[in-house]
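Each chain, written out:
There are 4 protein chains.
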Amino acid sequence: MTAEATIDTGTLLERYLQVRRASEELCKPLAIEDYVVQSMPDASPAKWHLAHTTWFFETLVLKPALPDYREVNPQFAYLFNSYYNTLGPQFYRPHRGLVTRPTVAEVFAYRAHVDREMERLLTGAEQKGWEIPEEVIVTGMHHEQQHQELLLTDIKHLFSRNPLYPAYAGDYSLPARRARRSPGPMRWVKLQGGLREIGFSGDGFAYDNETPRHKVYLRDFAIASRLVTSGEYLHFIQDGGYRRPELWLSDGWGAVQAEGWKAPLYWEEKDGQWFQFTLSGLRPVDPAEPVCHVSFYEADAFARWASARLPTEAEWEVAAAGVPIEGNFVEDGFFHPIPLRDPGEGISQLFGDVWEWTASSYSPYPGYKPPEGALGEYNAKFMSNQYVLRGGSCATPRSHIRVTYRNFFPPQARWQFSGIRLARDL
Amino acid sequence: MTAEATIDTGTLLERYLQVRRASEELCKPLAIEDYVVQSMPDASPAKWHLAHTTWFFETLVLKPALPDYREVNPQFAYLFNSYYNTLGPQFYRPHRGLVTRPTVAEVFAYRAHVDREMERLLTGAEQKGWEIPEEVIVTGMHHEQQHQELLLTDIKHLFSRNPLYPAYAGDYSLPARRARRSPGPMRWVKLQGGLREIGFSGDGFAYDNETPRHKVYLRDFAIASRLVTSGEYLHFIQDGGYRRPELWLSDGWGAVQAEGWKAPLYWEEKDGQWFQFTLSGLRPVDPAEPVCHVSFYEADAFARWASARLPTEAEWEVAAAGVPIEGNFVEDGFFHPIPLRDPGEGISQLFGDVWEWTASSYSPYPGYKPPEGALGEYNAKFMSNQYVLRGGSCATPRSHIRVTYRNFFPPQARWQFSGIRLARDL
Amino acid sequence: MTAEATIDTGTLLERYLQVRRASEELCKPLAIEDYVVQSMPDASPAKWHLAHTTWFFETLVLKPALPDYREVNPQFAYLFNSYYNTLGPQFYRPHRGLVTRPTVAEVFAYRAHVDREMERLLTGAEQKGWEIPEEVIVTGMHHEQQHQELLLTDIKHLFSRNPLYPAYAGDYSLPARRARRSPGPMRWVKLQGGLREIGFSGDGFAYDNETPRHKVYLRDFAIASRLVTSGEYLHFIQDGGYRRPELWLSDGWGAVQAEGWKAPLYWEEKDGQWFQFTLSGLRPVDPAEPVCHVSFYEADAFARWASARLPTEAEWEVAAAGVPIEGNFVEDGFFHPIPLRDPGEGISQLFGDVWEWTASSYSPYPGYKPPEGALGEYNAKFMSNQYVLRGGSCATPRSHIRVTYRNFFPPQARWQFSGIRLARDL
Amino acid sequence: MTAEATIDTGTLLERYLQVRRASEELCKPLAIEDYVVQSMPDASPAKWHLAHTTWFFETLVLKPALPDYREVNPQFAYLFNSYYNTLGPQFYRPHRGLVTRPTVAEVFAYRAHVDREMERLLTGAEQKGWEIPEEVIVTGMHHEQQHQELLLTDIKHLFSRNPLYPAYAGDYSLPARRARRSPGPMRWVKLQGGLREIGFSGDGFAYDNETPRHKVYLRDFAIASRLVTSGEYLHFIQDGGYRRPELWLSDGWGAVQAEGWKAPLYWEEKDGQWFQFTLSGLRPVDPAEPVCHVSFYEADAFARWASARLPTEAEWEVAAAGVPIEGNFVEDGFFHPIPLRDPGEGISQLFGDVWEWTASSYSPYPGYKPPEGALGEYNAKFMSNQYVLRGGSCATPRSHIRVTYRNFFPPQARWQFSGIRLARDL
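Protein chains in written order, with my numbering: chain A, 1 to 426; chain B, 1001 to 1426; chain C, 2001 to 2426; chain D, 3001 to 3426.
Some hints here could point you the wrong way.
[What the hints assert, rightly or not] Pairs of lysine-lysine, DSSO-like flavour, derived with a Cα cap of 27 Å:
| hint | chain 1 | residue 1 | chain 2 | residue 2 |
| --- | --- | --- | --- | --- |
| 1 | D | K3262 | B | K1262 |
| 2 | A | K215 | D | K3369 |
| 3 | B | K1369 | C | K2369 |
| 4 | A | K190 | D | K3369 |
| 5 | A | K369 | D | K3190 |
| 6 | B | K1369 | C | K2190 |
| 7 | D | K3128 | A | K369 |
| 8 | C | K2215 | B | K1190 |
| 9 | D | K3215 | A | K215 |
| 10 | B | K1215 | C | K2369 |
| 11 | B | K1215 | C | K2215 |
| 12 | A | K190 | D | K3215 |
| 13 | A | K215 | D | K3190 |
| 14 | D | K3128 | D | K3063 |
| 15 | C | K2215 | A | K262 |
| 16 | B | K1215 | C | K2190 |
The hints are simulated quantities; they were obtained by calculation from the structure and are not laboratory data.
Produce the entire structure from the sequences given, and follow the hints as far as they go.
What follows is the structure, given as structure tokens:
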């Protein structure tokens, strides 16, 4: 995580509280029961997300910085540590949903306690001579924003397992429906290769995995002007996409057969019509929307079917460089990708809507050095068996994303808001 | 389920409401969060138990009997059917814990609705000419009592997974501690064999699997005067019981190795002392208590180590015939087996405290006929790969048990309150 | 294993060599390659059967009896011990097929060595004063006969996995075809209940699990005059037998779904006709033959569909008492059940053709005591989760079977020659 | 696979027969039994390798080229197709070891038949006007060489499962022992970065995945002068390497725990000394040898422990460019990596001994196009979840390797001769 320029603690506290409130806002539609359950090992209970993000500040900020800090419960250090071996043993991840206590109310009390102490730290530091680990606090805020997105994707997965199809949010489709029309044909935007630079440098926050900024050599290439739509993906399905091994990577074809994939996650066919489970309940698939909840394998197979390929992360970053960060983010309240309203001339939908799978394995940039200590475990140890996704989604906070941001998931993962942008050689 | 003599509907309603209230009483110590989770596929969420027992009355009593009955939610028929193929498809059992909605409040409302309708049926039947399926209603009450016991054993399992060791009930050990002293030596009580009768006949309720009453030929045998204690079981452990394959059935030894068993379920050793998780939290093992939470395999291995064997269910029933049904039941509020206070002359602890594993596979009695319809699935289809247990436990309602009662669980099951009584040949 | 009356060692040696030669005769049709492979964990390579039966004599007879006995290879004690914990650790069963050395030739040399030493023991005992453990030798011979049957059923399973459908034997169907006609209708033969005796007593060999002879009380019952045919089983299939949960035990229905059972093992449908893999290759299903390779669950479901039930092992033994031991055994060289030629008046096909599933769990007889030492592990430790089968099969040596013989397999096992005889209450 | 310059058919036939003979030479030490068994799903029986490589020529050369070609057995097309969906369905891979027929003799006859037909094709083409698919034939020869290496690694795995530790070859350690002394300290060789080229172009054979030759931008870096030795790896073990999660990628640490890794594959500790199973049987670990049979995860963890990293494949190729292809290959007959004899000034052991794990995920080179047809499945569909290894091993034919050669295996694979070379940033 790259150094933050000095900021005044008042602003820091304000931003801290804003992020913390945003997490709690997202929980408003939940019943107590919804906070508790872990619907698969990859997911976590909402309650756990609220507690784990709090544990981050307690463990990495308050305990080192506040000499008289008192824990709410010493066992929380064990229960709510996710994967930081440096910070001690962790409760077995697939059992996170078995821990009905602390209750939801107790978790909110834990949050309130930590927030009060953070406030005490930030307002009292100057007088008491406490050292403020600004960089860690800012990292903790970005960390909490990541968990805001996960909280939503995990709740969506949980609700999707319930035959009553509970809705998290109101009807996202009202605003979307206004726009429901074809987003127009996809165009190929040509970009020049050569020696280019990607990666983060400069002021402001970035994760360590975005650094160092470095040179890459690219060939000339073309990138799609917009995301692949559900309508286009339906053609792939109807053309036997899930039954033709020649379109798939070998491991992808294995996943198709082992998992019985026939469509994106959350899609189901009823009497010849396709529906999808959304955070607003079960809805017909809208062909104008960006397709969503596909794995890397599906994105790759679709690209092969379309005589194209996925962009590398370097190509994506070069294409997105300088494009303003605008799009359909969590603050828009749709919690679902929406049809492109205004195609324009350039490359659309680079930010928001859906995370875009790239052809790039998640690996360290040349010259990458993980930070010392616990934060060294944040990103570096996951650099195998994952692919990079770019651009943020409809569940990402707007202030969380950057052009250099590298998200990563295993190639078979489908429960994130993940979609497809095509590229091709020239 | 054997015919009930005619009873007046007022009494029936009163008993019905009593059983229903008892279920809700047992839930009083639970937080909302505790109702939701399924801690293993064999267990069910408390919420599910409350709804399923309600579904039983709705489906088997109200829908057939009340012409104008209106369901709360038609999908409950699917969600809360346990295993009755005759009554339609069932929600996938291992996913019962994923259904956070209906909420706990909605489940209680469902219960209230069905209770009101049951009251309407029972009070209005005479006037409206509705036929009252008394036998089914009585079966439903016994069914709900079975689930009261399961609700407790499932909550115990759930709480045991939580490193905070939540307690369901207050300190059971206070009354027990008064009695904490050796229950005295186990004596062998000799019983005469010959042609004997077992099984249910006569008035009152019994499950179909207890019938018909029939002759069996028994050899002379001896049965233990009391249950095996935790202290005696500790000797088995200390004598290498879990490390000596010659003491075990082959499948039992397989389970020891696959599961890593080293002691009864819920026991754990800390610094050389044995503790057990109870519904009152973590407690030291009391050597005077009946040992509990052992599988059939462990009971069988202990018996072999003790140069004895388990009784057959016929032997048990012959030994228990005429013994008054007294003991430590759920109404006593200990939720745990307690040391024998007053050994007496005869056979003690036959009822309550712990279910007693027998050497008998669960199979149909000679001449057994399962009932027609859905109730034919209640017991008959489970007659393979299970063993019979007798006598009820500290989680069984006192009015639920009979000398002919046949409980049954797979030989590896340990989460019920199951213990050991020895027998031997003469 | 019950005591053998004194016999002269010459006769014993002759019988020993006869049994040993029979094992090797059965291997004549095998290629070297066929001896090596283990096609599932329940099965063993032919090579292993040949070595394990040899190990039995080496370990339990030669090492104790011959002071100067020298092993071929000390590691064979580990490699070829099946499950006798008393005799030391065992090579991991599912890996028996990974041990390509010793080669087949080396295993035959091992057999020859042990046979020579057995001959030396039996011919030299009187002069040298060696004690002959006759009982153990006779048990070893019966043990080897059991493995002769397993060798055939394991080879059948192995060959069935090969898409080339290799044949072990010539055309069994020639003699069978002469008889191919309906075996005539099944009749119910009524038998009187009351206090009866079953189990072994008297002279000659029997396994320990057949003892002691003891009283059982039976109700009057009827037993089928012959085995269920493949034609009758086809009606069950065509009537939706594998799609109707109400016909099945709960665990049986679970097996149907988990395993995708649609017919007996080795049956396959091609263009609307049913074929079965046999030791003579792939053949059309002959409706006149006894049905074969069904599990206990299928036998039980078929019986329920036929408004009947399976006999208990006591009923079977009472029905078979006094019936001469005649039938289609391994010496007949069909290696497959054959149609009933001559129905007669009484109960047919009790011996040979197929093992008959009974309704009885495999459990100790009242008063049963396992032998001391390693032979105590032969039968006793398997007395859970298995069902008793009676009567022998077309792969059983004729001299191996008795009316009191108790075979046992888990309820889902299908690779033995196991079939169905019906019974019913009167 | 890149085009071969025109060659005369006589030379082609000679080279073909040489490769074919080499496969059969490698089988000389095998007993019939050793050809049959598949010791894990990743491995194949020796018999299968011999048949599959033959199937390749039959299917891709003889059937298209020889109008009157007659198959030995039409089902071989199904049995011996590995993974080419384009060429029809494939026998289930994990069951390759269940197919005892065709016998080994029949497989050799199949080889002889195909070899005769290949000879007929190559000698008669000119006269008959048949078209010779030279490129496919050459690919088939390289394909067979790859399987020669796999045959050895699969036999090694099979033999290692046998507690008798059979030896495939004589004592490799005699020549090695002469050299047994420290290979001297590892030196860092500095290399200059900048815009470089990697990948294949020009004449001669190469696989499609080595193309196109393309530019990459590299930073300056240092690469180790030699391979990591077993002695150095022992220090890693002794320093708690397998017990310290901070040294491992998250998935790697998961593998350590799930698989119980404590040392390289085939290593075992006896009374404080380390032994390794080799193709010459069980031998003490020689600290001077290159360490072998480590996974990518172990290579990566070792590098982190050594404050270094693995080279990328581009770095490796740049370092190896121009180095002569000399080393310990299969023809040397050691079948095991050997200590470095003559360190010299430059970079040693780049070729032979062990495959060297790189930090690079196996992915397509920029501008890569897979070939049309079945050969398009050869490499392209495996481009996920694998890492690139470089340089060949002691089981690789010398004529098979190139500086641009990209081998690939999943990061947890250990049964190949895979080792470690370090790199670091400058």
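Structure-based check of all given hints:
1. D:K3262 x B:K1262: 25 Å, holds
2. A:K215 x D:K3369: 25 Å, holds
3. B:K1369 x C:K2369: Between K1369 (chain B) and K2369 (chain C) the Cα gap is close to 34 Å, so the pair fails against 27 Å, i.e. violated.
4. A:K190 x D:K3369: Within the cut-off at roughly 20 Å; holds.
5. A:K369 x D:K3190: 20 Å, holds
6. B:K1369 x C:K2190: Holds: K1369 (chain B) and K2190 (chain C) sit about 20 Å apart, inside 27 Å.
7. D:K3128 x A:K369: 65 Å, violated
8. C:K2215 x B:K1190: 20 Å, holds
9. D:K3215 x A:K215: 12 Å, holds
10. B:K1215 x C:K2369: With a Cα-Cα distance of about 25 Å, the restraint between K1215 (chain B) and K2369 (chain C) holds, given a limit of 27 Å.
11. B:K1215 x C:K2215: 12 Å, holds
12. A:K190 x D:K3215: Status holds; Cα separation ~20 Å.
13. A:K215 x D:K3190: Distance of about 20 Å is within 27 Å: holds.
14. D:K3128 x D:K3063: 16 Å, holds
15. C:K2215 x A:K262: 62 Å, violated
16. B:K1215 x C:K2190: 20 Å, holds
The structure does not agree with the numbered hints 3, 7 and 15 stated previously, though it agrees with the rest.
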